[in-house]
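The residues making up each chain are set out below.
Protein chains: 4
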Amino acid sequence: MRIAMLGSGFIARFYATSLHAQRRKDRIISVYSRNIENAKRFAKDYGFEHFTDKMEEAVQHPDVDVVLISLPNHLHLPAVEAAAKAKKGVLCTKPLGRTAEEAKKMLDLAEEAGIFAGYLEDLCYTPKFLKSMESVKKGAIGKVLWAKSRETHPGPHSDWFWDMEKSGGGAIIDLGCHCVEISRNFIGKEIRPLEVMCWADTQVHPIDAEDHAIGLVKYANGAIGQFEVSWAFRGGMDLRDEVMGTEGTIWLNNFLRTGFEMFTTGGKDAYVAEKAEIDRGWLFPVGDEAHDLGYPHMFTDMFDAMEEGREPLETFYDGYVVNAILDAAFKSAETKKWEPVVLEDWRGNKSEEALRQAISYDDDYYLIKEEVLPNGDTKLILKHKKTGEVIQRVNS
Amino acid sequence: MRIAMLGSGFIARFYATSLHAQRRKDRIISVYSRNIENAKRFAKDYGFEHFTDKMEEAVQHPDVDVVLISLPNHLHLPAVEAAAKAKKGVLCTKPLGRTAEEAKKMLDLAEEAGIFAGYLEDLCYTPKFLKSMESVKKGAIGKVLWAKSRETHPGPHSDWFWDMEKSGGGAIIDLGCHCVEISRNFIGKEIRPLEVMCWADTQVHPIDAEDHAIGLVKYANGAIGQFEVSWAFRGGMDLRDEVMGTEGTIWLNNFLRTGFEMFTTGGKDAYVAEKAEIDRGWLFPVGDEAHDLGYPHMFTDMFDAMEEGREPLETFYDGYVVNAILDAAFKSAETKKWEPVVLEDWRGNKSEEALRQAISYDDDYYLIKEEVLPNGDTKLILKHKKTGEVIQRVNS
Amino acid sequence: MRIAMLGSGFIARFYATSLHAQRRKDRIISVYSRNIENAKRFAKDYGFEHFTDKMEEAVQHPDVDVVLISLPNHLHLPAVEAAAKAKKGVLCTKPLGRTAEEAKKMLDLAEEAGIFAGYLEDLCYTPKFLKSMESVKKGAIGKVLWAKSRETHPGPHSDWFWDMEKSGGGAIIDLGCHCVEISRNFIGKEIRPLEVMCWADTQVHPIDAEDHAIGLVKYANGAIGQFEVSWAFRGGMDLRDEVMGTEGTIWLNNFLRTGFEMFTTGGKDAYVAEKAEIDRGWLFPVGDEAHDLGYPHMFTDMFDAMEEGREPLETFYDGYVVNAILDAAFKSAETKKWEPVVLEDWRGNKSEEALRQAISYDDDYYLIKEEVLPNGDTKLILKHKKTGEVIQRVNS
Amino acid sequence: MRIAMLGSGFIARFYATSLHAQRRKDRIISVYSRNIENAKRFAKDYGFEHFTDKMEEAVQHPDVDVVLISLPNHLHLPAVEAAAKAKKGVLCTKPLGRTAEEAKKMLDLAEEAGIFAGYLEDLCYTPKFLKSMESVKKGAIGKVLWAKSRETHPGPHSDWFWDMEKSGGGAIIDLGCHCVEISRNFIGKEIRPLEVMCWADTQVHPIDAEDHAIGLVKYANGAIGQFEVSWAFRGGMDLRDEVMGTEGTIWLNNFLRTGFEMFTTGGKDAYVAEKAEIDRGWLFPVGDEAHDLGYPHMFTDMFDAMEEGREPLETFYDGYVVNAILDAAFKSAETKKWEPVVLEDWRGNKSEEALRQAISYDDDYYLIKEEVLPNGDTKLILKHKKTGEVIQRVNS
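Residue numbers (the UniProt record's numbering), protein chains in the order written: chain A, 1 to 396; chain B, 1 to 396; chain C, 1 to 396; chain D, 1 to 396.
Hints in this document: simulated from the structure, not taken from any laboratory.
Treat the hints loosely; a few may be bogus.
Claimed, not checked - Under the rule of at most 30 Å between Cα atoms (straight-line distance), these lysine-lysine pairs were calculated in the BS3-like manner:
no. : chain 1 : residue 1 : chain 2 : residue 2
1   : C       : K87       : B       : K25
2   : B       : K137      : D       : K379
3   : D       : K25       : A       : K40
4   : C       : K137      : A       : K379
5   : B       : K336      : A       : K189
6   : D       : K105      : B       : K379
7   : B       : K137      : C       : K44
8   : A       : K87       : D       : K25
9   : A       : K337      : B       : K189
10  : D       : K44       : A       : K138
11  : C       : K87       : B       : K138
12  : B       : K87       : C       : K386
13  : D       : K331      : C       : K386
14  : D       : K44       : C       : K189
15  : B       : K385      : A       : K166
16  : D       : K105      : D       : K166
17  : C       : K331      : D       : K336
18  : D       : K138      : B       : K369
19  : D       : K138      : B       : K379
20  : B       : K54       : A       : K40
21  : A       : K385      : B       : K369
22  : A       : K385      : B       : K166
23  : B       : K386      : A       : K166
24  : B       : K138      : A       : K379
25  : C       : K166      : D       : K379
26  : D       : K385      : C       : K337
27  : B       : K379      : A       : K40
28  : D       : K138      : A       : K44
29  : A       : K44       : B       : K54
30  : A       : K137      : D       : K379
31  : C       : K379      : A       : K137
32  : B       : K337      : A       : K336
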């Protein structure tokens with residue numbers, strides 16, 4: 001694939017480094033930046049010729065197969081417009097839009113133009129996530145009851161994140177988009193998200209947007225997605241997922257505790273990891289940041305999908321659903337009530353079975369619980385099917 | 001201290017084992033159980049003479065200094081009445097009441113009788129908790145923004161827990177009482193809890209009460225307490241606390257990951273730990289369960305407090321506040337809105353400062369964030385004090 | 001028990017704090033220190049009257065039941081002599097002697113005087129250790145093949161440790177005594193230690209004794225004990241044990257990773273844990289140091305044993321065996337060969353079966369290994385009983 | 001690169017999967033197997049045409065740029081001969097030879113033929129290892145004192161491993177080669193390994209080779225490399241490295257504890273990870289096995305090196321040094337003494353400075369140690385430069 005990169009900042013560089021690593025055959029051949037000097041430097045750093053400060057010029061470059069949007073949130077829509085106009089495939093960084101309305105426009109543009117459109121939700125491509133999704137799909141943890149995803153750190157790298165007009169919000173829009181989509185994958189993308197309850201506050205920073213938020217997303221089968229996001233966390237970047245199923249549990253730690261521990265008195269090693277805060281004492285680097293954050297697997301899926309004429313794992317439609325959930329979260333933070341997820345375009349299941357299914361113990365009783373006691377006996381908690389009376393029996 | 005034990009079940013035995021361990025000088029001298037056989041066996045097992053199936057008889061035993069209530073929730077109030085009548089000190093297991101109204105009655109009874117009254121909130125006495133509270137009080141993590149406590153396991157041991165009339169609820173009343181009080185300690189007991197948002201559902205078990213719930217408690221200074229409780233967790237007993245402060249973070253794992261890991265092909269070792277689910281593969285026992293759950297430090301504080309004529313760390317008043325928060329949680333789970341914490345008797349601070357305080361960078365700007373980049377440069381995110389414009393500066 | 005404390009330094013204070021904690025009924029009633037001011041301060045701090053700078057005076061105090069030796073290594077023997085003379089029970093801190101010869105004298109003195117003699121090997125009393133020993137004894141990990149114990153930190157607290165004449169050596173004598181006895185317990189105290197191979201060096205400090213050593217101890221059944229000790233470790237105190245059995249594995253982390261993690265920007269909390277090196281960044285405190293290091297369980301066993309007229313878990317004889325192993329380690333570090341463990345007084349088994357026992361797969365083959373492949377097939381590695389030929393079979 | 005794969009077993013498939021993953025541009029175009037059916041199936045599985053049961057045919061295929069040896073150990077030398085004869089670049093799986101003599105022949109063959117020759121020591125290419133090597137080189141942990149690497153699991157996959165004639169040994173040759181080279185990298189490849197002490201035994205399996213071994217490698221500057229290898233470990237594959245430096249510590253866990261934890265009651269997920277032993281309870285999968293074991297980074301370095309005309313990180317010379325160290329280990333296990341590492345061809349430093357350098361505290365004293373006490377005081381341990389007397393000073 002020959003790629004036009006739109007943007008030249010932190011995330012564009014992270015993407016580019018991943019794209020050109022490990023003897024991959026895809027290549028960036030053009031870069032657009034609002035600042036021509038940045039574009040020039042970027043092209044030089046990644047070893048190609050064409051750079052420009054006119055977005056159209058990069059997008060319409062005749063050799064370009066696919067456009068990669070690495071711009072601030074408020075520029076995603078114009079960039080998708082440009083790609084649709086040029087009939088080029090498009091990959092857009094997260095979040096898709098600042099609102100569901102904006103995301104829906106991008107989705108419609110792509111679908112109307114008939115172009116490939118991938119949503120760059122990297123955290124749904126981390127190796128741990130992909131492998132645990134396999135297990136979940138095989139039934140290893142039974143039915144998913146609750147899926148929590150947490151991303152917290154001391155705050156983003158660039159100024160525009162902190163400007164609500166450009167970003168569309170604070171920690172919810174920046175980090176919540178990841179967490180919502182992670183939970184949604186675990187619970188099942190075909191299951192409709194119904195409503196959201198969210199607390200959000202600006203606890204620390206002198207900004208207008210929220211720097212800390214917690215939200216619950218209720219799905220049609222009764223499962224709960226949870227997001228915990230903050231720009232006020234101290235200690236690095238905390239990226240953890242937890243899933244409870246009827247038959248099991250999954251705990252993922254993507255960043256701060258991955259089996260790499262270093263103590264140093266020194267501080268000679270300035271860069272430990274993205275959003276690390278300290279350079280001495282006990283440090284917890286990650287081995288290969290881009291890989292552990294999902295970039296290589298994400299781009300592989302995107303380009304393979306393009307070539308194979310299939311959808312990638314994460315589509316513009318997914319980005320739209322995420323924005324709709326976040327819209328409800330913002331509203332709930334204001335109204336202090338559960339708010340419905342408004343999805344004018346729902347493509348999943350129309351109805352769901354409830355998670356709970358009573359297990360019959362015998363003709364008279366349901367089984368509530370079975371447990372081994374310290375002395376080796378088995379204790380049963382049973383509920384009478386008619387009277388509802390709860391009793392216990394100990395089998396030794 | 002000479003103790004009358006009321007109750008002879010799981011928790012009574014856990015308490016008794018702790019009380020008689022490690023050459024402690026306090027002794028149980030009487031036990032009451034509704035079932036005389038159980039009382040008899042208990043007395044024999046713990047090496048004392050007096051047992052009875054009449055509560056009054058144990059409470060009024062002339063040698064008894066203090067009454068220890070280890071009964072199902074619906075019997076706490078009558079037991080406190082008996083102790084108050086006998087003018088004996090009283091220690092009550094958690095939760096204090098099934099509701100704040102019930103808890104308030106117990107508080108009033110104890111205060112009117114002028115007896116010592118301790119609330120047996122063991123998880124606020126674990127060695128890790130006590131040590132982290134010391135650090136928090138010294139300011140090691142700055143101002144507390146958020147304190148989460150999680151207790152989840154596959155469900156309780158005894159039948160009465162599963163009967164709402166006796167227990168007063170499900171996982172919220174059983175486990176939430178711990179979590180709420182842990183968060184409240186970290187945030188500060190003097191800070192008033194204002195309102196609660198709670199989701200609760202019966203996702204798995206054939207019961208009327210909730211078997212899974214998540215709640216947020218908002219405090220007067222803007223801090224948030226969070227509880228996550230479930231009777232549907234698979235994998236053992238998950239007991240974790242997490243605290244975010246403006247200057248630091250605390251993560252406590254009290255049970256499933258404490259530096260003790262064992263793999264066994266066998267299954268010869270029937271009892272691993274409270275609520276462990278499996279006896280082969282990778283197991284995570286705890287060294288000394290009673291100690292890691294806080295019992296020894298709790299009883300030491302209680303009896304020392306009695307002798308020194310001071311209040312223990314956890315009082316009936318604390319139990320009452322916890323119940324008031326749980327009442328609001330139950331209500332919120334129904335109304336799907338934030339619900340106020342009703343405290344007719346508030347003994348803490350009347351007002352609080354907000355957590356957020358803007359840091360001035362220079363005459364013109366507030367400092368939003370300072371970060372070291374991969375190349376060693378320092379990037380500043382600043383907000384203009386008047387225009388509100390957000391800019392970034394890189395100092396190399 | 002009424003205790004005479006000999007010594008008033010770091011370990012004496014750690015012991016005293018444990019002895020007087022948690023409403024224990026035993027009490028220190030006298031203290032001896034070479035420095036009368038220290039003795040006086042100690043008595044005041046722990047709330048008793050009698051202090052002295054004459055060892056005999058403390059030992060022979062008429063109210064004293066048991067003498068607790070918390071003195072530098074070179075003073076253990078004279079202190080045991082004093083206790084034996086006074087026919088008082090005696091507890092001696094680790095190591096018992098500087099050499100097996102010295103330890104043997106203490107053992108003989110105690111046995112000839114008919115006094116109770118306990119070896120204060122606290123790390124064989126940590127809750128994790130005690131619980132894992134239970135599992136090992138029940139067969140949860142099969143036959144023990146290898147037991148490694150590691151204790152490393154940046155060096156001891158007091159000057160005398162660094163003086164070979166007083167201490168008897170460096171990290172081997174100071175820390176190796178713990179590690180050797182931990183491994184010996186896991187492997188089985190009844191199994192004779194045969195020979196030792198040890199590397200030791202002074203890699204960092206300007207001292208004569210070794211500050212880093214690694215040793216292997218071969219037991220009569222073929223099991224291997226391993227010790228890793230250092231005074232040159234950076235990052236705190238690393239206390240880990242690992243055990244491999246034919247049916248399982250045990251990993252214990254007693255200090256640096258116990259489920260307590262704290263990040264602080266601050267440094268307001270000066271004392272984190274014994275031998276912690278840093279006061280900001282990620283810190284790993286322990287909840288209750290004395291408890292996690294085994295002191296309460298150790299003293300409980302010692303005093304219970306005295307009262308019950310039985311031997312404690314760790315005796316002077318154990319201390320003597322440990323010293324004999326360390327003697328062989330020192331010798332091996334010089335000769336660069338395996339050196340025999342010289343035990344003129346061996347009280348365990350005379351002979352052992354070898355660990356290895358071939359498992360017959362069928363009439364013709366032994367089973368070497370059975371494994372599940374990625375595709376779910378089972379692969380068998382078999383060895384012909386007569387020809388010795390190794391083959392593989394895949395069962396799908 | 002166009003690759004001829006020699007071999008079609010477990011490791012060949014692991015390599016092939018890595019080579020063809022993630023849109024890499026290098027391609028296998030021919031495969032040789034002793035069994036033509038296996039060769040055929042391999043070619044089909046990895047999507048290319050040419051397969052053969054004649055090694056020469058694959059090696060001399062005109063389109064082949066590089067030969068990749070994935071054969072049992074005893075076939076490495078003939079395969080290198082074939083590549084040298086054909087003047088094709090060659091990559092050889094670990095260990096290079098069964099002995100240093102064999103490895104030296106391969107080294108000489110490659111150097112005489114002037115072909116590129118890479119040693120496929122994947123564990124020196126894991127992302128964690130590469131990143132920690134960067135830190136070590138920057139001085140983050142000071143001078144390396146000790147570097148331990150451990151690889152233990154329940155035994156290898158294929159029959160030939162268990163046959164000493166084909167493999168050259170047991171766990172030492174199979175796993176020790178990794179561990180030795182990991183330690184050697186941390187300590188410094190330019191520093192000469194002097195001598196080895198090794199214990200080895202056949203503790204469990206009915207085989208002739210060792211199934212458990214521990215070895216120490218002494219380097220010219222006094223640093224110690226340690227390897228712990230076993231085919232008798234229960235619980236999965238334990239891959240851990242630990243490094244002690246004068247200014248810091250590194251702990252790497254490459255496989256069993258990487259931040260991915262799953263509990264399952266089920267057992268529906270048959271393949272968890274390489275050498276996992278169990279399919280229910282707590283499981284510890286890795287996200288991307290090939291990546292976490294270093295394959296992608298290894299092949300990237302190898303092919304980049306070929307194209308750039310430079311040496312790869314791991315060369316045949318390195319493989320030769322490793323074999324020389326293992327030769328000494330085998331000998332030491334027999335003689336029970338330290339055995340010299342025989343290197344007729346040493347290309348590193350001729351001499352080294354000792355690690356230890358005394359730190360002067362003032363004119364009179366060396367500083368042994370500085371420590372913060374529980375009360376906040378600082379204690380200094382000092383040694384007189386002339387008298388050697390050790391004293392302590394407390395500064396409050």
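Verification of the supplied hints:
A hinted pair counts as satisfied when its Cα atoms are at most 30 Å apart, and K87(C) with K25(B) qualifies at roughly 27 Å. The straight-line distance between the Cα atoms of K137(B) and K379(D) is roughly 26 Å, inside the 30 Å bound, and the hint therefore holds. As the CA atoms of K25(D) and K40(A) are separated by approximately 27 Å, the hinted pair is consistent with the 30 Å bound. Distance hint between K137(C) and K379(A) is fulfilled; the C-alpha atoms sit about 27 Å from each other, no more than 30 Å.
Restraint check: the Cα-Cα separation between K336(B) and K189(A) comes to about 25 Å, which is no more than 30 Å; the hinted pair holds. Restraint check for K105(D) and K379(B): the C-alpha separation of about 55 Å exceeds 30 Å, so the hint is violated. At roughly 28 Å between alpha-carbon atoms, K137(B) and K44(C) fall within 30 Å of each other, so this suggested pair holds. Between the alpha carbons of K87(A) and K25(D) the distance comes to roughly 27 Å, so the proposed pair stays at or under 30 Å and holds.
Annotation: proposed proximity of K337(A) to K189(B) holds, straight-line Cα distance about 27 Å (limit 30 Å). Under the criterion of a C-alpha separation no larger than 30 Å, the hint pairing K44(D) with K138(A) is consistent with the structure, at around 27 Å. Distance restraint check for K87(C) and K138(B): the Cα-Cα separation of roughly 48 Å exceeds the 30 Å cut-off, and the hinted pair is therefore not satisfied. Between K87(B) and K386(C) the CA atoms are separated by roughly 83 Å; this puts the pair beyond 30 Å, and the hint is violated.
Taking the CA atoms of K331(D) and K386(C), the gap is about 28 Å. The hint holds against a cut of 30 Å. A hinted pair counts as satisfied when its Cα atoms are at most 30 Å apart, and K44(D) with K189(C) does not qualify at roughly 58 Å. Simply put, K385(B) and K166(A) have alpha-carbon atoms about 19 Å apart, close enough for the 30 Å limit, and the pair holds. With a CA separation close to 17 Å, the supplied pair K105(D) and K166(D) stays within the 30 Å bound.
Distance hint between K331(C) and K336(D) is fulfilled; the C-alpha atoms sit about 14 Å from each other, no more than 30 Å. Proposed proximity of K138(D) and K369(B) is supported: the alpha carbons are some 28 Å apart, at most 30 Å. Under the criterion of a C-alpha separation no larger than 30 Å, the hint pairing K138(D) with K379(B) is consistent with the structure, at around 23 Å. Of the supplied pair hints, the one linking K54(B) and K40(A) is violated, its CA atoms being roughly 88 Å apart against a limit of 30 Å.
Between K385(A) and K369(B) the alpha-carbon distance is near 60 Å, which puts this suggested pair outside the 30 Å criterion. For the hint pairing K385(A) with K166(B), the CA-to-CA distance comes to about 19 Å; that is within 30 Å, so the pair holds. Restraint check for K386(B) and K166(A): the C-alpha separation of about 19 Å stays at or below 30 Å, so the hint holds. Between K138(B) and K379(A) the alpha-carbon distance is near 46 Å, which puts this suggested pair outside the 30 Å criterion.
With a CA separation close to 20 Å, the supplied pair K166(C) and K379(D) stays within the 30 Å bound. Of the supplied pair hints, the one linking K385(D) and K337(C) is violated, its CA atoms being roughly 34 Å apart against a limit of 30 Å. The suggested pairing of K379(B) with K40(A) holds, with an alpha-carbon distance near 22 Å, which does not exceed 30 Å. For the given pair, K138(D) sits about 27 Å from K44(A) by alpha-carbon distance, which is consistent with the 30 Å threshold.
Only pairs whose Cα atoms come within 30 Å are accepted, and K44(A) paired with K54(B) is rejected, the gap being roughly 88 Å. For the given pair, K137(A) sits about 59 Å from K379(D) by alpha-carbon distance, which is inconsistent with the 30 Å threshold. For a cut-off of 30 Å, the pair hint linking K379(C) to K137(A) stands: about 26 Å separates their Cα positions. The suggested pairing of K337(B) with K336(A) holds, with an alpha-carbon distance near 6 Å, which does not exceed 30 Å.
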